Every structure is written in C-alpha cells, then in structure tokens.
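Given only the sequences and the hints, what does the whole structure look like? Please build it.
With the working numbering as the guide, the letters of the sequence shown map in order to residues 96 to 943.
FYI, nobody ran anything at the bench for these hints, they're computed from the structure.
Treat the numbers as computed from the prediction; the structure is a model and nothing was measured.
All the pointers check out, no bait thrown in.
Okay, derived cross-link-like pairs now, SDA-like style, lysine to any residue, Cα gap no bigger than 25 Å in a straight line: (1) Lys562 x Lys607; (2) Lys873 x Ile887; (3) Lys568 x Gln285; (4) Lys840 x Leu557; (5) Lys562 x Thr812; (6) Lys604 x Ser833; (7) Lys393 x Ile298; (8) Lys840 x Arg783; (9) Lys896 x Ile866; (10) Lys562 x His508.
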Amino acid sequence: MWNMQVTKRWTEVVAYKRSKTNSTSRGDDLPRIRHKKCDETQPACYMCTNTGRVCDGYQQTPDRRTRAFRKGKRDSSYDPRSPIDDLLTEPILVEELQAVEAGEEATEEDFIGTALPQENVPTPSVKTRPVTRRVVVSSPMLKDRPSVFAKSHRSDLISSAHYLTDPHKASLSQRERWHFEFFIRYTSSQCSVFYGYDFWQRIVPQYTEAEPGLRHAVIAVGALHRNFEDSQLNSQEPDFSFAIQQCNRAIYNLKHRLIGDQSQHMEVALITCILFVSFAFLQGDAGAACRLIHGGVKMMTEWEKNSNSLKDSTIKLTVMRVFSRIQFHAMTCGDPDFFVEEEYNPKGTMNVLSSNQSLSQPIDSIEAASSLLFDIGWQVMQRKPWLSRPHRNEHYDVVATLNNLQRWEAQCHIALMGRREEMSIRDRGSWIMLQMWSETIYILAATDWCADGRESRFDGLLSHFRKAIGYAKELLTTESMRSFLPTFHMGPGIIPPLFLCINKCRDWKLRKEAMSLLRSWPCQEGFWNTAGSAKCLEKLIEIETQGLLPGEVVPESQRIIATHVDYLPITNTYRFCDADIEAQMAGSYSTFAGTTNDDSQNRDDTSVRSSESGRCRINPRLISDAILGLSDGLTVPFALSAGLSAIGDTKVVVLGGLAELIAGAISMGLGGYVGAKSELESYEATVREVNEILDHPDETRSMVTSTFANYNLSPSTLDEISSSLQAEPERLRDFLISFYHRETKPDCNQAYMSALTLTLGYFIGGFIPLIPYFIADKVYTAFVASVIVMAITLFAFGYVKTCIVRGWKGGVNIRAGVIGGIQMCVVGGLAAGAAVALVKLINGEGSV
96 MWNMQVTKRW
106 TEVVAYKRSK
116 TNSTSRGDDL
126 PRIRHKKCDE
136 TQPACYMCTN
146 TGRVCDGYQQ
156 TPDRRTRAFR
166 KGKRDSSYDP
176 RSPIDDLLTE
186 PILVEELQAV
196 EAGEEATEED
206 FIGTALPQEN
216 VPTPSVKTRP
226 VTRRVVVSSP
236 MLKDRPSVFA
246 KSHRSDLISS
256 AHYLTDPHKA
266 SLSQRERWHF
276 EFFIRYTSSQ
286 CSVFYGYDFW
296 QRIVPQYTEA
306 EPGLRHAVIA
316 VGALHRNFED
326 SQLNSQEPDF
336 SFAIQQCNRA
346 IYNLKHRLIG
356 DQSQHMEVAL
366 ITCILFVSFA
376 FLQGDAGAAC
386 RLIHGGVKMM
396 TEWEKNSNSL
406 KDSTIKLTVM
416 RVFSRIQFHA
426 MTCGDPDFFV
436 EEEYNPKGTM
446 NVLSSNQSLS
456 QPIDSIEAAS
466 SLLFDIGWQV
476 MQRKPWLSRP
486 HRNEHYDVVA
496 TLNNLQRWEA
506 QCHIALMGRR
516 EEMSIRDRGS
526 WIMLQMWSET
536 IYILAATDWC
546 ADGRESRFDG
556 LLSHFRKAIG
566 YAKELLTTES
576 MRSFLPTFHM
586 GPGIIPPLFL
596 CINKCRDWKL
606 RKEAMSLLRS
616 WPCQEGFWNT
626 AGSAKCLEKL
636 IEIETQGLLP
646 GEVVPESQRI
656 IATHVDYLPI
666 TNTYRFCDAD
676 IEAQMAGSYS
686 TFAGTTNDDS
696 QNRDDTSVRS
706 SESGRCRINP
716 RLISDAILGL
726 SDGLTVPFAL
736 SAGLSAIGDT
746 KVVVLGGLAE
756 LIAGAISMGL
766 GGYVGAKSEL
776 ESYEATVREV
786 NEILDHPDET
796 RSMVTSTFAN
806 YNLSPSTLDE
816 ISSSLQAEPE
826 RLRDFLISFY
836 HRETKPDCNQ
846 AYMSALTLTL
856 GYFIGGFIPL
866 IPYFIADKVY
876 TAFVASVIVM
886 AITLFAFGYV
896 KTCIVRGWKG
906 GVNIRAGVIG
916 GIQMCVVGGL
926 AAGAAVALVK
936 LINGEGSV
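Below, the structure is given as structure tokens:
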C-alpha cells in the first residue's frame, strides 16, 4: 500500500548518507533530492519543471494590506472544538504522527514530528486513527522530502521548536495547552462580543505570558466553558476535577505572587478576580460569584485611592470598566445594597466607574456609547425601581435621567446610524443590544414617577415593551446576527430585558412572543440562565393568570411585584416566593441563574415543582382598606361597649354593640364602594379629556412644559421633549395621564374588593370586644375581660400594621412595631375611657 511505502521510505531517507559517488546500491529506489537554488518562478520553479520533476510549491501568504484580507479576518469562522487546528500566525508542531493503517502496528520510533504544511502546499491524504484525550494534528511528510525532526524524541521536539515561539507554555501539559488555546480562541471572543474587547482580547492574553497564576486561571475557565458547551449538546455528566485543579494552582501562584507589597500586583489580583467570577458563573455558584464581585470592588476602590501613577491608568480604566458592567449586570437580578458598604460609600452612592465622556461630546464608537448608557443605567438601578424603594442618591432626578436617555439616543443616531451599512456584523449587533437596553432603562426610569407603587403603572409603557422585544427579535431571528451571539458572557445581555418584559408587561401577545424568544437561545449570561429564567417566568405567569381567560386584563390584586427563587438540587425543584426583596436579602444571596451544567438538561425536561410557595405581597389598596376597617372596628365598637357597660346591663351592651356594628360595617362598605367608583369615573374622565386635546399641539405643549416647570430645564430641551412626545400620540397620552394628571388606571374589580374588605375588617374588629359580654354574667367581669382582650388585640394589630409597612426583620423594625402597638393601645384606651366617662356623666344626671 502507498501509506506503508511512504513510511518505509521516510525511515530509509533518514538513515541514508550520500557517498562520494552519485549512485549506490539503493539509489534507484530512493527519491531524488535536488540541491539546486530555487529560481522562485511562479507558480512552480522552472529548475524543477525543466527536468520533469514536480515542484513542491510555495507558501502563499495573503497580503495584509488589502481590504479583502481585513474583511476575511473579521468575518472568518473557526471550529471551537479544535482551537489548535486553526492558528493563523505560525505553523503548529505535531506532537505525534498517527500510525498509518497498513495492517501492522507502528512503534514509537515510527512517530515523527513535523511542521503543519501551510496552504497551497500539495499533500496526499492519509487516514488517521483518533487518539483519546489528546489533540493531534496529523499530516504526512511532503512527498519525497525527509523530515528535519526525524529520529528525534518528542520532548526534544517540543522544547527545541514549538516553545521557541511560545516559551510560556513550556511548563504546560498537552491537556493544559489545549484548554488554554480554547480560552484564547473561543472563550475570550465570546466574552468580548458586545463589550470589553480590550480586556479579553488584549490584556488577559498579555498577562498570561508572564503570570503563571493567570495562566492556570485561564485554563480553568476554558475547561469549564468546554464542559458548558458539551452540556448543551448532550446530557453527559461533566468532569470538574481538571478545572478545579487548575483553579487551585492559580490560587497557589497568586498567593505567592502577592507576598510583600500587594499594591504592586493589584492589577494581577483584579484580573484573576474577574476570571474567578467567570469560573463561578460557569460552575453555577452564584453566591461565590457575588462574594468575589464584592471583594473585587473593595480592592478596586483601594487601588483607586492609593494608586496615582500614569503607567497603569489604561489597564486600571479597562479593569474598572469590566467590574462596573459586571456589577450593573448583577444589579438586574439582585439588591444594589449588597455591593455597597458605608465605610467605602458614606453617602450611599455606588462604586461605579463614571465615563469621562459627556453627552455634549460626539459619540464616536460603540464602546463610548455603551459606557454612557450604562452610566445612566447605574443611576436608575440604585433606586430599586422594581420595588418603588426610595433612591439611595438624594440628588437623583428622574426628569434629568429621561432627558439624558433621549440625548443619548439622538447622539447615537447622529454618530452611528449614518454609517450603519459600513458597520461589521459585530458592531451592528452591539448597537441593537444597546438600543434594547435603552428601552429597558427608560421603562425602569419612567415608572419612578408613580409614587403609589402599583404594578399597573407598567401598562402605560406598552410601546417601549414592544420596541425592546423587537430589538431582541432582530438579534435572535436574523441569521447573520444569530451566528455571532455568544452562549456565555458576563456583561449585560439579552436575558434581563426579556425577563423584565415578560415579568412586567401583562399584554398576553407580547408576553408570549418574548417567552418564545427567550427559549430559542440557550445561553448563560453571568447570573442569568435561559432555562432557569424560563422556568421561573412560567410559574409567575401561572400565578398571575390563574382564573383568567386569554386576553383578560390581569387585576392589580393578582400581579406579582417581586419574586425570590431558589433551586433545590437534591429534589430538583424550585422554591418560588413572591416576597419583599429586603426580607430575602437578610439570608443568603440567591438569583434566578442558580443553574449548574450537570443538571441543566434535567431542568429542561422537568416541570417546575414549587416546594415552598407563598404570596407575601398583597395589593397595597387592599392592605390600606383592611387597616382602615380594622382600626375603626377595634376602637369605635369597643368604646361604645365600654360606655354602655356603665349602665350595668349586659343585654343593653350586647344589643347596642351589635346594632352599631352592623350599621357601621354597612356604612364602611358603602363608603369604600362609592369611593372606588368615583376614582374609576375620575380616571375615565381624565382619559376623555386627554383624548380631546391630543389634536391641539399648543395645549399639549403647555401641559408638558408645566410638568417640567420645577426642574429648570432650558426651552430648547423642553421643545425637544414636546416634539418627541407629540410624534407618537399613544406615548403622549400615556405621559399626560401618568405625569401631568398623576393618575393610574384603577382595577375593574377594585370597588367590590374595597367594599368587602372594609365591611369585613370593621365587623371582625368590632365583634372582638363584644365576645366577653356573651360569656360573662356580670357586667364588671365582662368589662375587665373585654379590656384585657382589646389591649392584646390592639397591640398585636399595631405591631402587625407597622411591620407590614416597614418590614419584619431587623432591630429597627421590631422597635417600630412595638411602638406602633403601644400607640394603638393608647388610642383605644383613650376612646374607651372617654366613652365610659361620658356615659357615667349622663347617667349620673338621670338621663340615659
């Protein structure tokens, strides 16, 4: 066979030594080796072709100055499974040549190393057999040419040739080198698709050449990323042992590196911290990722305080920008207070790298546009807009934030949209991503205007929800865009905006479309995971739409304000709780993305089973009505029964108390019904009024101007805002109703629920002080028992009422609850004492 003959000839050529004569006993069987100088004739050497020989050809390299080379390098794709096979800058040294299939086993001496032939070099095809757990690139020797590495030991080949170009890999094993190349060629490119190109593509590779700790951290992340990719293709159990081993080596090297003056090596520690954060994300440990981010922020703050040199300014800004975006990404699914400590931020503002560029300057790049947009997002996210909590920064201005968003969009359209067709696919995708986040930030900022905290405030922003979903659809359904989307990265991505749209937009059609888009792209974006997010949203929609037909408006009482989700790996179930996030943060920090690679397939195939489920948040209007009904019921009937007890007849106390109780409950219910109906009629009248003036630009402009009158905006800014709103009548109507008239659409069932809540609250609260009079025979005994029962009841009611408003955990909230209970006891006691004194005074005069 040909393969067998080639192997035999290579061995003979290595042992062959040319004698003084031109012919030997074996000369006729060997390939003739020419030693003529090549005349470099294209495409084949004339010195070879003139004598009938076959020219081996030339290594043809593309001209790097041409536009075709730059475009091909930018748009070229490679196989992520074989990162070593596609190196462009240098030939790859083959560690082993596969044994040819010639019917007999080859020995170790038959394996030889060679440089991988470049393109345009003719080579015959050779069948190879795979080698397990090794990356082998096999190719035959060039025809009729012996190897310059023949009869050399493999370790000699590695040290003498390959590591002359990559000396920092000399201490790495074959498996470590493979995963190192996997990170450099695949992981880093995925993490830098949208943001952080300089950090992942320039700084990390450069530092790995000099820092062994960073090198092993890179290998660990590459190994976990490979496991993550494999878990998306099959359900085999990943092997974490190699990645953990490399992580331990990185920690060991880093500890020795930081001995002494740590400030000299702060950049190494921060870069390693970012790599460890990505390691925790890929491993599915959100708690470890949060602790690493928290620690990295502390180091970054100290570095900023103590380092004033100019030589590290570029690296410092790049690293701080990466940390800033990781923090912003973390805030989309957690509590911003977690990342702040008062000793670093006494005023409560966030540790954030502010952009050095202002909106008054032109935006010349995607990186500058993203920095400015996420600076605005920082200000919005500090307020916890999803819970209507007070803003941490006392200087926060909602109007200024909305104005900055509009200016950012105008600047980007001027700078980027004019050359949209000239952008690469990556830049166009990044621009679409930024537009989607712009709509997301606008939704969160616009809802800050509504002080009542109702979930219905999101109903007026359907147009922005529709735009955000449209941008996500363009990214996920366009073939050219979808081809470059990453399956893992740590910056703000696609999942958080889609999660917000599905969570807060109660339009059935938009929810369904957004859910379909979310499921279509399996991805891990830091804390967020596609499979876990979809499971949680399915449970949320199930709770909110329970008992409703498709297309019906979700009532305010069924809308979930905030959710807390834990995954229980032992039982493969989710713990889903609609609860206040501040109460949740007292325990361990958890996120929606608590997924691991080994059970991601099981979660996709298993329906959500809620092991612990609760609706801890109730409609604020129902809470207000219940408190009002119970407050009146606990004080007025108690005072009346206490006053009537002065007469000395239990029958009079019972009959009088019941009569007042029934009349008062009916009166409270009617009052609540009429008040809710009046509120609905007022809203409808406002809508009619706004619809009538939409066709009058001057009047609507004056209303918009008066809305911003207290913010000292320039006339040009006001004209810009008015023109933008008038361009979309639906958006203008929502703005005037929500911000000028300060009204939100009431729930259609609110009148009935308010009447029922007030009636039951008043009746239950008023019946408690009458219970002792049904049991005791003597008035005095019943009166004393009623006072004791009511003291306990009033204290408990005051405590619970205060804690519902302020929170249940923490010493401050407990003290406030106790004070609230004492206040209710004092108010009830004063009312009862006044009633008793008044009845005794009248009865003493002989007139009952």
